[in-house]
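Here is what each chain is made of, one letter per residue.
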Amino acid sequence: MAHLKIQAVSKTFGAKRLFMDASLEIKTGEILGVFGRNGSGKSSLLKILFGTLQADRIVGTIDGKTFAPKHVIGQQQIGYLPQFSFLPQYKKVRQVIPLFLEAGELQDKVFYAPRIAKIENQRVGQLSIGERRYLELLLLAHAPHPFLLLDEPFSMIEPLYKDIIQAFLTDIKLRKGIILTDHYFRDVLPITNRNILLKDESFLPILGEKDLARLGYLPEKRFR
Amino acid sequence: MKNIGALLKYYTDVSFYSLGISVIVSIYTSILWGGFIFCTLGVGIGLLCFQYFKKNEYYFYYNLGWTKWRLALLVVGINTVISIPVLFISALFLWLI
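Here the protein sequences come in this chain order: S and D.
Position 70 of the first sequence, counting from 1, maps to 1251 under the numbering used here, and the rest follow consecutively.
Position 44 of the second sequence, counting from 1, maps to 240 under the numbering used here, and the rest follow consecutively.
The following block holds chain S by itself, in its conformation from the complex (with noise of 0.2 Å):
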């Protein structure tokens, strides 16, 4: 079981500060939720993670050894889902698969994944938000890193899909420690093990709605 320890992340922008000191932790079989505001920082606490932004402080640990962002894609320790599609968007999706996976038994668990065969010979610009995120994840899911970062993984997406992804990142969470952000609550608080709050510079623990809108993430009259 891997466990990835963020002990101190801090970042500002300018004059505006997104953390400081903020600590978290995920082991593989656990799905964490983080909430926040638009310009909370849930964005940027998934690229610092991933190495594509730079904290202004960070100490982390994977399985107990230090690590720097900037060695994380090398390492392929932490796969990240940006909000926007990353695939190439004219090359069609039987062949983006043995692009993203080389090993043939992995290119043929994509293939034979549920839904992947109807769409196989579309191009990726031609999926809908769905199909292109379902694909997206199924690709993340079956590379090697122990840890992924989803960025809004079910936002504008239709809801037979969202039935599909959640099903399929309850299943993926027994091999994968999991941080998904997105403003869509109800779908993500039925998957998550734990979920916290981007707000006030910290990470606040939170159990469910209650809790989202006692702290002023949702309008608290719905639960009076």
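If you are wondering where the hints come from, they were derived from the structure by calculation, not from laboratory data.
Treat the hints with caution; some may be incorrect.
Unchecked claim - Among the chain D residues that face chain S by a calculated CB cut under 10 Å, a handful are: (1) A202; (2) Y258; (3) W262.
Stated by the list, open to error - Here are the computed lysine-lysine pairs in the PhoX-like style, where the Cα-Cα straight-line distance is at most 25 Å: (4) K250(D) with K1272(S); (5) K1251(S) with K250(D); (6) K1343(S) with K1391(S); (7) K198(D) with K1251(S); (8) K1208(S) with K1186(S); (9) K1197(S) with K1228(S); (10) K250(D) with K1273(S); (11) K205(D) with K1290(S); (12) K1273(S) with K205(D); (13) K1290(S) with K198(D); (14) K1228(S) with K1251(S); (15) K1228(S) with K250(D); (16) K1380(S) with K1228(S); (17) K1197(S) with K1380(S); (18) K1273(S) with K1290(S); (19) K1208(S) with K1251(S); (20) K1246(S) with K1186(S); (21) K251(D) with K1251(S); (22) K1251(S) with K1197(S); (23) K264(D) with K1251(S); (24) K1391(S) with K1380(S); (25) K1273(S) with K198(D); (26) K198(D) with K250(D); (27) K1290(S) with K1343(S); (28) K1272(S) with K198(D); (29) K1272(S) with K264(D); (30) K251(D) with K1272(S).
Every residue, glycine too, gets a C-beta built ideally from N, C-alpha and C.
Got chain S sorted already, so can you dock chain D onto it with the hints?
Frame of chain S, contents of chain D only:
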């Protein structure tokens, strides 16, 4: 080496732009200058064009374990290996005629 097919795709994408510039330079000057541009300035132009037109795809390569810096080195390395014999043969050909 990880995911050779993906690396080849990156190389051809970047080289598409640098080759275009090199062909234009070759037409207006000589094949020697075209080859020189292909392995020097052309690489920079190719990388800038990729950054401008296909920036999101860098995350495809990041997830495969390739940083932007290593990808750029790969293109420079391959172009240098290709260009040196091409430049040598071209220079020899021009000297002979």
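Next pair to validate is K1273(S) with K198(D); report whether the Cα-Cα distance is within 25 Å.
It holds: about 21 Å lies between the C-alpha atoms, which stays within 25 Å.
Sort out whether K264(D) lies within 25 Å of K1272(S), counting only the CA atoms.
Roughly 21 Å separates the two Cα atoms, so the pair holds.
Within 25 Å, alpha carbon to alpha carbon, are K1228(S) and K1251(S)?
Distance ~11 Å between K1228(S) and K1251(S) Cα, so the pair holds.
Are K1228(S) and K250(D) close enough, with their CA atoms no more than 25 Å apart?
holds (19 Å)
For a C-alpha distance cap of 25 Å, please report whether K198(D) and K250(D) respect it.
This hinted pair holds, its Cα atoms lying about 21 Å apart.
Pair hint K1273(S) and K205(D), alpha-carbon separation not exceeding 25 Å:
It holds: about 14 Å lies between the C-alpha atoms, which stays within 25 Å.
Next pair to validate is K1197(S) with K1228(S); report whether the Cα-Cα distance is within 25 Å.
holds (17 Å)
Between the alpha carbons of K1246(S) and K1186(S), is the straight-line distance 25 Å or under?
Roughly 10 Å separates the two Cα atoms, so the pair holds.
Can the restraint linking K1380(S) and K1228(S) be considered satisfied, given a maximum Cα separation of 25 Å?
Measuring from Cα to Cα gives roughly 18 Å; hence the hint holds.
When you check the alpha-carbon spacing of K1251(S) and K1197(S), does it fall within 25 Å?
holds (23 Å)
Would you check the hint for K1272(S) and K198(D), treating anything up to 25 Å between C-alpha atoms as holding?
holds (20 Å)
Is it true that the CA of K1251(S) sits at most 25 Å from the CA of K250(D)?
holds (22 Å)
In this structure, none of the earlier numbered hints is contradicted; all agree with it.
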